[in-house]
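Number of protein chains: 2
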Amino acid sequence: VDYQHVQVPFEITLWIMLASLAKIGFHLYNKLPSVVPESCLLIFVGLIMGGIIYGLNDKSPPVMDSDIFFLYLLPPIVLDAGYFMPSRPFFENIGTILLYAVVGTIWNVFGIGFSLYGICQVKAFRLQDVSLIHNLLFGSLIAAVDPVAVLAVFEEIHVNEKLHILVFGESLLNDAVTVVLYKLFRSFCEMPTIKTMDIFAGVGKFFVVGLGGVLVGLIFGMTAAFTTRFTKDIRVIEPLFVFLYSYLSYLTAEMFHLSGIVAIIACAMGMKRYVEANISLKSHTTVKYFMKMWSSVSDTLIFIFLGVSTIGENHEWNWPYICFTVIFCLVWRALGVLVLTFFVNRFHVNTITSKDQFIIAYGGLRGAICFSLVFLLPDFHRKKLFIAATTVVILFTVFIQGMTIRPLVDLLAVKRKRESAPTVGEQIHIRFLDHLLAGIEDISGHWGQYYWKDKLEYFNSKYLQKILLREYDQPKSSIVLLYEKLERKHAIELAEAGQLAHAPSHPSLLKNNRTVKMDPKLDDALNPDVLENIQEILARHLYRTRRTGPAYNRHTLPGETELMEHAKEILILRHRSL
Amino acid sequence: VDYQHVQVPFEITLWIMLASLAKIGFHLYNKLPSVVPESCLLIFVGLIMGGIIYGLNDKSPPVMDSDIFFLYLLPPIVLDAGYFMPSRPFFENIGTILLYAVVGTIWNVFGIGFSLYGICQVKAFRLQDVSLIHNLLFGSLIAAVDPVAVLAVFEEIHVNEKLHILVFGESLLNDAVTVVLYKLFRSFCEMPTIKTMDIFAGVGKFFVVGLGGVLVGLIFGMTAAFTTRFTKDIRVIEPLFVFLYSYLSYLTAEMFHLSGIVAIIACAMGMKRYVEANISLKSHTTVKYFMKMWSSVSDTLIFIFLGVSTIGENHEWNWPYICFTVIFCLVWRALGVLVLTFFVNRFHVNTITSKDQFIIAYGGLRGAICFSLVFLLPDFHRKKLFIAATTVVILFTVFIQGMTIRPLVDLLAVKRKRESAPTVGEQIHIRFLDHLLAGIEDISGHWGQYYWKDKLEYFNSKYLQKILLREYDQPKSSIVLLYEKLERKHAIELAEAGQLAHAPSHPSLLKNNRTVKMDPKLDDALNPDVLENIQEILARHLYRTRRTGPAYNRHTLPGETELMEHAKEILILRHRSL
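Top line first, the protein sequences correspond to chains Y and Z. Mapping to UniProt numbering: the first sequence position 371 is 371, numbers consecutive. Mapping to UniProt numbering: the second sequence position 406 is 406, numbers consecutive.
No lab work stands behind these hints: they were computed from the structure. Small disclaimer: the values here were computed from a predicted structure and weren't measured. Among the clues, some could well be false.
A pair holds if it fits inside one copy or across any two, identical chains being indistinguishable in the list.
[Said to hold, decoys possible] With a straight-line Cα cutoff of 25 angstroms, these simulated BS3-like cross-link-like pairs (lysine-lysine) come out:
| hint | residue 1 | residue 2 |
| --- | --- | --- |
| 1 | K31 | K415 |
| 2 | K466 | K453 |
| 3 | K282 | K384 |
| 4 | K162 | K292 |
| 5 | K462 | K383 |
| 6 | K162 | K123 |
| 7 | K162 | K288 |
Pulled out of the complex, with its shape left as it was, chain Y reads as follows (with noise of 0.2 angstroms):
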């Protein structure tokens, strides 16, 4: 045996392999999914994995690698969120958005930063060795909302869509935020004197690391939209290129020390609608699919490492600092989303509801982010309290919150989801009413979301599409696609049901020489010229299902028909006997 050779990519595949399997056995049992998130269960395997593994060796498991996760795990599911991000809410709300994502998530750091920091000052709880600095590391690693555990819980309760935007476009955002906040204060705790200057230079870099990632984002968004134009002839390689251009925007922004994941989200809103028209059906089918099941796999493996990865000897542990994290984490979260949304709700028409609000507030799950962050903290004497804090913070708010979450959403009665799509109507509606308010906007001189969005539109198709898009002399409206795709799916259930009828059983059979023994009726009522112009219509309006399909032939004799639906009804039997 030789298994030095095959180690590497035998034990990766065995994860996903075990990953994929405890996915398939939480669904065997169609109760469970419902009342337990999947997050919980997943976290629950890697808690026995860890603990068969920590008896086995009698020391920890392996740690969930930092640079495994933000190299390789997180970005097909920021990916796959940035993809189907529905854009629409995303940019009615992107102001509110960005307010609980910026201003909320500092707001976050500094109250839970400087409470715990009130919290060492406490001699019985002996911890006045932990500096500020260090709380407001802490603070900044802490505060973020998770976007793998949001997800993982929302995509389950269907809240309705602007609520769910709401806490998901913040849970993506704020990485903005927590990579300038983590960054800043890592370096003050090696600084010897932290100056004024510096702190302004912070400020600065929000701006340099948000704006910069959306640049790279757009950049290869941009430029993948541009290289599907020439696939043409080689439509298998097509969707590879989605998914190298955007890991591609990923990368190259965190070389720069730029936001990786806002990179890679501008990067797939940018390109989808160019991609979409350009690629071939099918390559658009395998986009979509590898893409949910590529993400569905990584946030699985997250799951099970955050459980196996929780298991060992790495925690401190101290009762006061670890609740009392836990309590500011909530109660600041609370506090943050009641003052924004004030202020918010000042400034909309459609207001936020204080359901909703509490939504948010309690929506605010912690998970693999924060854990991978405490790791790479630099060695100090208390890195094992944080770990434990944070720790306990995930497992916290997963469990706890994530499972408390839905009966809550029951209970309060938040507006959900509709169930259905838009009809065309209502689109045709909607898209009136946009130009309508454009019009508006531009009349009375106020430039708002829908003069821009106007603008945008117009330079869209004036200059992006003629160079991204293959054939640009057909700006098809979504309006068009939408319809051309129900139409296929349309068509699909019909050759399924249809082939029902067709399916050789034995009362089918008799129904259909009942109808076809009715044929000489017909016959004899219409004469020829009515049946011609019948057919013509029936040609152009029904498909040409006639001209092509051998499903109704009128000038077929009966005894054929009967003679290749008998063959079939003797193959059948045949393989029944067999």
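Fit chain Z to the supplied structure of chain Y, relying on the hints for placement.
Positioned in the frame of chain Y, the structure of chain Z alone reads:
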């Protein structure tokens, strides 16, 4: 800039990107790929890249790592080959393929090895220090026909199915022989004396390595099929299992020193049938598409790396040895094919023509497997000579033979592949003949391939399907499946054709109006009873188009339709005007 942090994934992504862009580049000019095989162009790109790296760094560019090749690049290609292997011609010719793969390869190894040893005895060539065992070792790595190179060339020239499967099947299955002989001779190199026992043990290993590979593959294939029984509620990770289990079969076989290639082929061929029946249509599209994509990228990378690795200072040039290697490779292969085909033709009615024999002999391309094996050789003073000879043989076969095989196929008028798929009628016929022959063989007591196929089919429907398929009570015959597939394809085509009639362009609008105006005339001619009958028949036979589709509705006022079309027209005009 923090390049270290992202180096590994960044460079891998860039290489894949380069490969994909190179592929697009070639297909932009339609004439190029029709003259020069893609593999040649890719090696050429690799040579240029290697030259640039060599020029810039002034040292040999990095050589393709054997581990990367065998663990990451080869499996996707072999999986693709196995999954899309046409099983009927493969099993019909399995005897001939095995004869070529086993006896033919051994013939080539010893032929080339001994004759090169003969050349080494000529004093003028200064090669007397190359021992017999080293020559045989070299023979074992240079004799094997490469599946990647064969696939790349034969996919483009479309020879008839039997010829294709003979060359391709041989290139896949000779892996077991190559592995055994290569390892045997390598261990002989290190042994002081060779006993007769060792030689017999080596012969026994053939069966262990080959049959062991088949066994490992089938076990994993059946497990994969069984696993997909339970994925109904979680369709999104279905494609993953196909890839995971295949890869595990490859790695497991490699771990036990069995033939990984044989294992992955057995796994893919074994599971295909059951997995296809279990997973959803979209999952299956994803599986097929991704497999093709992945193998295509691996293939591209291999040829580019082959080019890059050629440049450098790894070569020791010795004219006689290198020239004679090329000559012996050609001569011994031609002789082997002639002799083996003589025996094959004596036992078969459907003989292999002399044209076919020529193409089989000429299509024996060498590729990346030889190249990786020669770099894996233990260090000895003539290794660089072997590397040079291998490189020349690969370049010679890929460039000279690869580029001339297409004109030769045209010149000899070798029977081509039939372009159209067999009709349903033909399929029924073939199946009927199979059963007839199975019956004849059974009665006559001759246990031939039809007898065994029938027994296997019986075992499959009696036991395997019940365990491995989700809905085992309705075994679908392959004809029913084909019918479903055709029906679905047809429906999509119809949707796309029908949609053209709805596209809001002026001529079609006019036409529609004309036909709509004809309606009243029809109304008079048909009484309600007859109409209902027509509708019933149409509803049954026309896939219920009338009940669900809004395409043609006699009860809609013409004004309404016009209004809708008018609204669409406005939208599209507006879009254009922007």
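Margin query: Name the hints, by number, that the structure is in violation of.
Written below: 3, 5 and 6
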